[in-house]
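There are 2 protein chains.
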Amino acid sequence: MCVPGCLEAIVRGSRRGLLAPPEPTGGRPSDRPGALRSFSRVVDLTHAVGPDFPSFDPRPSLITETVATLRRDGYNMRRWHLIEHTGTHLDAPIHYADDGTSADCLEIEDLVAPLVVVDIAARAQDNPDTQLTPDDLLAFEVAHGPIPAHSCVAMCSGWDRLVTSPRFCNADEQGLMHFPSFHPDAAALLIERDVRGLAVDTLSLDHGVSRDFPTHRARLPTGRWGLEAVANLGALPPVGATIVVGGPKIEGATGGPARVLALV
Amino acid sequence: MCVPGCLEAIVRGSRRGLLAPPEPTGGRPSDRPGALRSFSRVVDLTHAVGPDFPSFDPRPSLITETVATLRRDGYNMRRWHLIEHTGTHLDAPIHYADDGTSADCLEIEDLVAPLVVVDIAARAQDNPDTQLTPDDLLAFEVAHGPIPAHSCVAMCSGWDRLVTSPRFCNADEQGLMHFPSFHPDAAALLIERDVRGLAVDTLSLDHGVSRDFPTHRARLPTGRWGLEAVANLGALPPVGATIVVGGPKIEGATGGPARVLALV
Chain B
7 MCVPGCLEAI
17 VRGSRRGLLA
27 PPEPTGGRPS
37 DRPGALRSFS
47 RVVDLTHAVG
57 PDFPSFDPRP
67 SLITETVATL
77 RRDGYNMRRW
87 HLIEHTGTHL
97 DAPIHYADDG
107 TSADCLEIED
117 LVAPLVVVDI
127 AARAQDNPDT
137 QLTPDDLLAF
147 EVAHGPIPAH
157 SCVAMCSGWD
167 RLVTSPRFCN
177 ADEQGLMHFP
187 SFHPDAAALL
197 IERDVRGLAV
207 DTLSLDHGVS
217 RDFPTHRARL
227 PTGRWGLEAV
237 ANLGALPPVG
247 ATIVVGGPKI
257 EGATGGPARV
267 LALV
Chain A
7 MCVPGCLEAI
17 VRGSRRGLLA
27 PPEPTGGRPS
37 DRPGALRSFS
47 RVVDLTHAVG
57 PDFPSFDPRP
67 SLITETVATL
77 RRDGYNMRRW
87 HLIEHTGTHL
97 DAPIHYADDG
107 TSADCLEIED
117 LVAPLVVVDI
127 AARAQDNPDT
137 QLTPDDLLAF
147 EVAHGPIPAH
157 SCVAMCSGWD
167 RLVTSPRFCN
177 ADEQGLMHFP
187 SFHPDAAALL
197 IERDVRGLAV
207 DTLSLDHGVS
217 RDFPTHRARL
227 PTGRWGLEAV
237 ANLGALPPVG
247 ATIVVGGPKI
257 EGATGGPARV
267 LALV
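Keeping their order, the protein sequence lines are chains B and A. First residue of the first sequence? That's 7 in the working numbering, and the numbers climb one at a time after it. First residue of the second sequence? That's 7 in the working numbering, and the numbers climb one at a time after it.
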């Protein structure tokens, strides 16, 4: 199922120079591939998922079926009937590009990446329609240094705490959802920075009210990936953690529930 | 869904002293919880899983169903109909104990663990019915030092290379499978060592010809977990790597496909 990645190669060759790049040295020394990374604790960035987990899709996102029991069969076992984009989950490039990489074919080195956490929780508390903007990213770089290439940039809006509440989707009377996400211009700047992954603690890489999903459409066809409905970003430092994306290795997957950890 | 873990607590309180314990210091200094761990490369220990992945179960272990397409809906998305114990996967304690911990409730610190790799591949090549014995473990400790508490011990039999061949299940004319695994006495010794996880590159924590699954029955009800059908163990050092078990966080899961990585 692994597509050779022609589109990715073309984009990789042409993505330099549109906006101010980071320092030519390519970020902090410890962020270079093959560099030594260290950690002493683990933070689980994954929500537990049940049949009632919030979803965009009107179809049931998870149904579990018992297929064996200890009493009858000697062991317990179930079958899941599961929509790929359920819970804390990965969006693979193929989700928005027929020739895009599927979840099983993403480079493993990309799935263990420096994690940058940009906190807009104070603003999001007052305005659920706020977005993470290029100005937020530039201010972040002034405070914390260049956002490294091949990293994952996460938006911390504090929305994970609402996951069991109707405020997580925050739908209005017309059914339009209101929650924060990346502004498309911020997503474009992070392509310039050669960032591999975006993560959000809300339901979508795109703004709740979006009807046309510009961040999905701009990023995923370039071979990049996303994580949606991530938890516990507020427990992490702005820089210095490593994200581990335990995404599914099911052939052809457009994404899927992922066990996402931070090594701090 | 998280069971308080009474059984685990009882076992934890009574498991000392049945067999010779490791050094009282509890293994290498770097293996203590909270110790600094370092790595510079990542090895994917996960097989890609399709509908034909080998299985014990006669039921289809994975069926994928397209529910949205880019052309029709603006994005690609599928539904999986998936048996929990498919592909490279986790066995949670509840798989063999109704009051056991489900996959979503395993301690995250236990799922990022020192990885010990015991290689019996040369012997397995000549004899598919061989088992990893207590003598193998004691010889390993003479060569490499005490097996640390809270680690994961993996059997490397070289069986992962057979995954696309009938030799992976290696069923005889009566349908009995022939592949290596842990001898029950080795599994018991590793409970003594307070090892949290066992991993095998074959289809079961139990020997292929086993009818009564003694290793499953002895280990899982003590709150420990297993990994089956792991790949690429031959690329790892005997000691020094860290395993990351990206197991599913689906409520009540008896196990499930896991993205398993080694940090080296």
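Calculated from the structure, these hints are not laboratory results. In this text, a Cβ means the ideal position worked out from N, Cα and C, and glycines have one as well. Some hints could be false.
[Said to hold, decoys possible] Reference excerpt, derived from the structure (chain B facing chain A, CB under 10 Å, subset only):
hint	residue
1	Arg43
2	Asp63
3	Val148
4	Arg167
5	Ser171
6	Pro172
7	Arg173
8	Phe174
9	Leu226
[Said to hold, decoys possible] Partner residues are not named here, just some residues of chain A that face chain B (Cβ under 8 Å, in silico):
hint	residue
10	Phe45
11	His53
12	Arg78
13	Met83
14	Glu147
15	Gly258
16	Leu267
17	Val270
Check your understanding: Among all the numbered hints in the text so far, which are the ones the structure does not match?
Key -> 3, 4, 5, 6, 7, 8, 12, 14 and 17
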